[in-house]
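K.L.:
We have chain A already, so just place chain B on it with the hints.
Just so you know, the protein sequences line up as chains A and B, in that order.
Note that my numbering has the first sequence beginning at 1, numbered continuously upward.
Note that my numbering has the second sequence beginning at 1001, numbered continuously upward.
Quick caveat, the hints were computed from the structure, so don't treat them as lab data.
Note that the structure is a prediction, hence the values are computed from the model and not measured.
Be aware that a few hints might be false.
[Unchecked claim] Chain A is faced by these chain B residues, among others (derived, beta-carbon under 7 Å):
1) A1340
2) W1356
3) F1386
Every residue gets a Cβ at the ideal spot worked out from N, C-alpha and C, and that includes glycine.
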Amino acid sequence: MPGEPVTLTIDDKEVTVPKGTLIIRAAEQVGIEVPRFCDHPYLAPAGACRQCYVQVEGQAKLQTSCTVPVAPGMVVRTQNTSEAARQAQVANLEFLLLNHPLDCPICDRGGECPLQDQALAFGPGESRFIDAKRVFPKPVPLSPLVGLDRERCILCARCTRFCDEISGDRFLELFARSAGERVSIAAGEDFRSPFSGNTIQICPVGALTATPYRFVARPFDLTSGDSVCQHCSAGCNVRVDVRRGEVVRVLARENPDVNDAWICDKGRFAYRHADAPGRITTPLIRDRGLEPASFGEVLPWLAERCRTGRVAFLTGGRLMDEDYYALSKLARTVIRTNDLDHRRAFHGGLAEVVAAAAVTDRERSVTYADIEHAPVILLAGLDAEQEVPILHLRIRKAAAHGAKVFVVHPRRTRLYDVAEHLPTRPGHEVFVLDRIREGVDDGSFEARAAAALRSAGAQGIVLAGERLAEHPLAADLALAIASKIGSRFCYVTRRANDRGALGAGVHPSLLPGGRRFGVAGERAEVEAVWGPIMASEDGRDAQQILQACADRSVDVLFVIGADPLRDHPDAVLARRALANVATLVVQSVELGGLEPFASVFLPAAPAVEKDGHLTDWEGRWQRIRPVRDALGISRPDWEIFAGLAAAMGSDLGFETLEELHEEMASLFVPRVMPERPNVWAGAGAPQWLDDLTLFTYPLLVDEGTLSDRADELKAALEEPAFAEMHPVDAEKRGLVDGVGVRLTTAAGDATVPLRVTDHVAAGSVFVPFNQPGLAANTLLSGRSTASVTVEAVADVESAASAVPDAALATGPPA
Amino acid sequence: MSLRFEPRLTRDWGDPSVIGLEGYVAKGGYQGLSKALAMTDADIVEVVKSSGLRGRGGAGFPAGMKWGFVPRDTGKPTYVVVNFDESEPGTCNNRELVERDPHRLLEGMAIAALAIGCETAYLYVRGEYLWQSIVLERAIAEAYATGHLGPDVQGSGKRVDAVLHRGAGAYICGEETALLNSLEGLRGQPRLRPPFPAVEGLFASPTVINNVETLMNVPDILVRGAEWFRELGTEKSPGTKMVTVSGKVERPGNFEVPLGTPFRSVLEELAGGVLDGRTLKAWTPGGSSTPMLTAEHVDVGLDYESLAEAGSMLGTAAIMVMDDTDCVVDCATRMVRFYAHESCGKCTPCREGSWWATRVLERLEEGQGLAADLPIMHDLGTNLLFRAFCALADGTASVINSSLQHFPDEYEAHVRLGGCPLKVEHLEEVLA
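Same shape as in the complex, but just chain A:
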């Protein structure tokens, strides 16, 4: 264990660091920079570049400070006080530059290049090398996202070590040896890792470059802002680079509490959304067509309809905490309804209430640090790599430290090489979880998981994902396991601020802080701040709201940062609802497929233009600052809500962000948690059905609007729609890998190519939710699973053209 303090001197400065600290890190503690290339604080020591020589008294040879741990009383001399170390560093830089092309003026890295910077600071100044340099064809595309220039490469092996140690996606490797050694990838392979961009960022030269950023900007042209990624609930800290108002690059910002130094490729490369051509920056109101208008015209018009009509709200999962809070209050105190929901169709039961309540109390949450040090982690209904990629990396880190990882999921996840998987038919998770909860002792997966969790005690972690929320009992059962054993528990939602929406009460039965509307004492706590809440009963969830719209029993529907046509797991219902509701208010950055239905458009500012907080899956609040001014007259969502309240002759009670924060703070205080269940009536034995269960969830890179125009990302990682089926089921139906199949459910049908693979549980069929060629919600009726029949078709091509994708855009039915 680190911790035992060791005192040494570096350049005559005394420093005390924990035992095991490397000299190079100890030097940083006292502000001494030793030049380095291969060293990276999140990678294992390599000692490859040999740049960080220091002199250690008593050692005949110079030592590489990136590989040698400190020792008590050690006397270290860096280039600052040792001529030998300085001379060796100069010589090593001369070696590194022998074959380097020195094409800095046309290199993307020029101006922010560690080799350039350190050559200037510590190098020999000029070259004595007069022979011909090594040449390679360049750049070699490793994928549509990453280009490799082997002439610039100094073979520090950071990229190959990242692939090996961090992502586990071992695409890059050093090939050949001696002066011909080079980074490369197997012939015919693409660098298909969702973490590939990290290798570009940690490359200490311009050898790995990002295709979307190639020749786009010089560092001194950029305005940079610190932000938090909005693509998923990982909460990754990022830096957004803007050139002349346009976002041109996103980089990971180091935060050891959250994302270490990594982000996924979606976070890094899907940034053109804010500058999409469809961006609308003024309100629109439907007269003959949708015409531009001012907020002054639109809000009173809207206020009138809200006063007289029945109103409901649907939001996405990516607004700010402040936006959700303002909406929650607007709905309850001004509109007087509980008909608001941010979810699609997932109901996390008590687990969801616990997650909402935990937002007020970080102590109760599971954190990245807990994951990193957990000896046992059980994931149920969660495909971490595809849903929350950086959580996936942290679980891998835990596994590398020796953690035992168990996964209950209908489809094999990318943790397969470090975890034990139990492929579980959708809906059958309850039986598996119940056996774990019971603590069966029959040598099964469940027995191993239960035993491991018990041995880990309070250090063990149970993570429940959205797939569990499909079943009314499953998420609560996962919570029950944790309660019984004493493990830590977290309900991991996918979207960037699902947790914030939950916490703020954008939910038909939850008020801020997980307070239940139906529990008088909890409601009273909110009313003490808000004044009376006039609604009389729990509201309707997303499915029920859409049903009510379709039945014309809702008059005004607000769709805020969401697209039910694509997101809601019942495309037919969503379309009927939008067509039938009298007034559809779309509040977003663009209209997209909602254009034919919208009565009013309210221009919201995207995250790069907003000030506020996001709550990540842990329940951690992180502040985002605007990277640029809001375009046109678009405004943060909370301001629009406050404007609407004012137009209705009311008042949300805050006009500035500070006032809003002050009010929020009074409700977001640690409070007594709802009681956790610790007994459970047995779930019984699974009923094995002969039919197949279709299940779906979104893959990381798909047709979602935030990935608009991220063409290189999609070229690298997006796959066209497909269906996966277990070999046993395929054989029974005489289906083979690669054939076209027609999937028929109660809601509709679709034709896609079939993959026969034992990566899915028997009895199930997987289709991705939103890949090109299939919007899977056209096969669903309000839940993300459905009974499905599968039959071979002669020709995929002709059938694929019948995909309802195009039908969606045609507007309301006649």
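P.N.:
Relative to the frame of chain A, chain B by itself:
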């Protein structure tokens, strides 16, 4: 000094029957193993320690001490790995030892395995040694068939399995941690130490890696005792050593000599003197990676201490002899080119420095050298020595530094004359 002693490693070289198990046993083979089976692990280690046997692969680390470092309480298996990746230029004595007497290696290996409680021993064979692999595979099959290897060694109930693994032709894989990587199916590049192989070696388990010749000394030490072993050689370098003599001599070949034998005896008595009666100019005592010496050092004894005192190393005891018609710059170019080619690429000084040195040396030898190249060569020697990740680059530096130290005039002549002064016809061209 006259070389009269009872040969040890080479004593049965005249008898081809020892290649087979029957012949080997008839000459007393596998008795060392029997003896070891009757001893405790600790006693085996103790005997080898007191014999003073030092590693014959180059570094000369005491073998018994190496065995003694292996922790036995880790809950992991322990491994013996035989380093038969003999690749140092000028070195081929392991090869002949195995070709002529393969069972002695297997016996030594099995004894080492018993000493550290190892049940699986690996033989890592240089990729190019196909015939020697076949010889060893046959010997292993014989040893299994007769119970000297396998699940029940000589009926003792102890298991020693042997696995032969052929390398893919990389010099670096003779470096023990690169060898371990290669054996595990990884890229042949050296590993960071610590952890040392004795603690975390093959498959992250305690591992002893011994050279072929080291292990072949072990059976006799068990049978005849440590004191007997010390009867030859010097106090600090006991025993005999195989030397490989090549280059400008009348009779090149592998010879066994007691450690401490002066180079003159080897050159004159065993190798028949310098070829065609010419004059000795330079020689390497332990392969091309050990600093070259000159005619001045002809009386230096071939043992670890004497050679260190003379500014070089025993290395693999591969003696390459250059005479007065050989160009030192040309020799250095060939040697450095080898190390540049064999650099594994992991670290900067070795990968780039040896490549640069080759460029400069080739230019010098071709007559394109500049005055500025000499300080560059001096700097390269300095900047390669003790700077790289492993010792490979120290070999490169040794060639550069020793050739510059002993033959500075020859380097200068290459620049001054615009070519190699020893290529006479070329010289006349230059002077014309």
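K.L.:
Run the structure past the numbered hints and jot down the numbers of the failing ones, going up.
P.N.:
Hints that this structure does not satisfy do not exist here, as all of them hold.
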